[in-house]
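Participant: Residue numbers (our numbering), protein chains in the order written: chain A, 1 to 75; chain B, 1 to 246.
It should be emphasised that the hints constitute simulated quantities derived from the structure, not laboratory data. Only a predicted model underlies this, so the values are computations on that prediction, with no experimental measurement involved. Heads up, some of the hints might be wrong.
[What the hints assert, rightly or not] Here are the computed lysine-lysine pairs in the DSS-like style, where the Cα-Cα straight-line distance is at most 30 Å:
no., chain 1, residue 1, chain 2, residue 2
1, B, Lys126, B, Lys51
2, B, Lys164, A, Lys19
3, A, Lys25, B, Lys105
4, B, Lys126, A, Lys7
5, B, Lys108, B, Lys80
[As the list claims (entries may be wrong)] Footprint (simulated), chain A over chain B, 3 or more residues, beta carbon under 8 Å:
no., segment
6, 8-20
7, 188-200
Cβ atoms here follow ideal geometry from the backbone N, Cα and C, with glycine treated the same way.
The lines below spell out each chain.
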Amino acid sequence: MLVDATKKNCKGVITELEKAMVTIKDGDIVETIVYGIPNKMDVYAWARRKGHTIGKEQRDGVNFRITVIKGLRTA
Amino acid sequence: MMLMVSVQNLEEAKEAVEGNADIVDVKNLDEIFIGANYPPVIKEVREAFPKEKHVSVTLGSVPEAVGTIALAVYGAAALKATSVKVGFVSMNYETALRTLKECKKALKGFDTKLIAATFADSHLYKGIDPKLVVKLAKESGSDGILIDTLTKDGRNLFDFMDEKTLKDLTDEAKDLGMSTALSGALKISNFDTLVRINPDIVGVRGAVCKGEDRYKGRVDSKAVANVKNELDMRVDGRIEVFNKTK
């Protein structure tokens, strides 16, 4: 599943990711594309809070493509 | 991160949009504690820009008059505001919650979003704890939160609430699917901290007025463009903010 959160709106990437997560099961992967460093940091912090795992991260200009694996976090 | 510029009339709104503001927020500085502007002014600003341009309406810190506030919110929606902000100072939690619930009902059938607002310095006015804003918004079904200040004496948001508290509130609201906005005499010197907090919306006025005077000055497109650029440079990494010592 791909969550493209690069489009600017009042509700940010976390809202979109939260929505995506309820539709998948533990171990499934969501890829998200976010604009800018603060949003990237938000995704990492959100994953920590929610017990998800961050996989790959790829930078493309000011956008970041980040893989999030639902659950699986043990630390 | 979107830049919201507070304006008092169409002329200022045009300056804000020319400077590339994402949202124009219509308010009335002549009324005590940031009041609402007049319907014809809001209508004029809304009609001057395409639907996609966000035009928000501030009611300011509202009195204990639930029905009156709900009707004002209905009015903002009828004027096709993108969002309407309802702020609380001297009101107990239960009345603030009841007010927001009635406002939410008033917005049924409209696209206008309801924003619950508290003030970081409300303790100076024996007001509601600003940290309750997320709880208020969640329990009332509001679409977003705003934390602002009332004091306009040179102090700003960060004189009353620290980065960690604001970050925690912002994250909590985002996890609940709400939009998040911070405002309160913010300046470019606050942008490093703001970008680390990463609210969806940053609100300014004084910083984009000629002479940085929010009352006597007028919104200036060049100042708006400069503020927007300063914000963007921190978001896209041209100015590093995450590895700085706070």
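Participant: The structure should be examined with respect to each hint, and the outcome stated for every one.
Facilitator: Hints, one by one, checked against the model:
Restraint check for Lys126(B) and Lys51(B): the C-alpha separation of about 39 Å exceeds 30 Å, so the hint is violated. For a cut-off of 30 Å, the pair hint linking Lys164(B) to Lys19(A) stands: about 26 Å separates their Cα positions. Taking the CA atoms of Lys25(A) and Lys105(B), the gap is about 35 Å. The hint is violated against a cut of 30 Å. Taking the CA atoms of Lys126(B) and Lys7(A), the gap is about 40 Å. The hint is violated against a cut of 30 Å.
A hinted pair counts as satisfied when its Cα atoms are at most 30 Å apart, and Lys108(B) with Lys80(B) qualifies at roughly 13 Å. Here's how the segment 8-20 of chain B fares: 0 of its residues keep a CB closer than 8 Å to some CB of chain A, so the rule of at least three is not met and the hint is violated. Counting residues of the segment 188-200 of chain B whose CB falls under 8 Å from any CB of chain A gives 4; the rule of at least 3 is met.
The structure fails hints 1, 3, 4, 6 (numbered hints given earlier, in ascending order).
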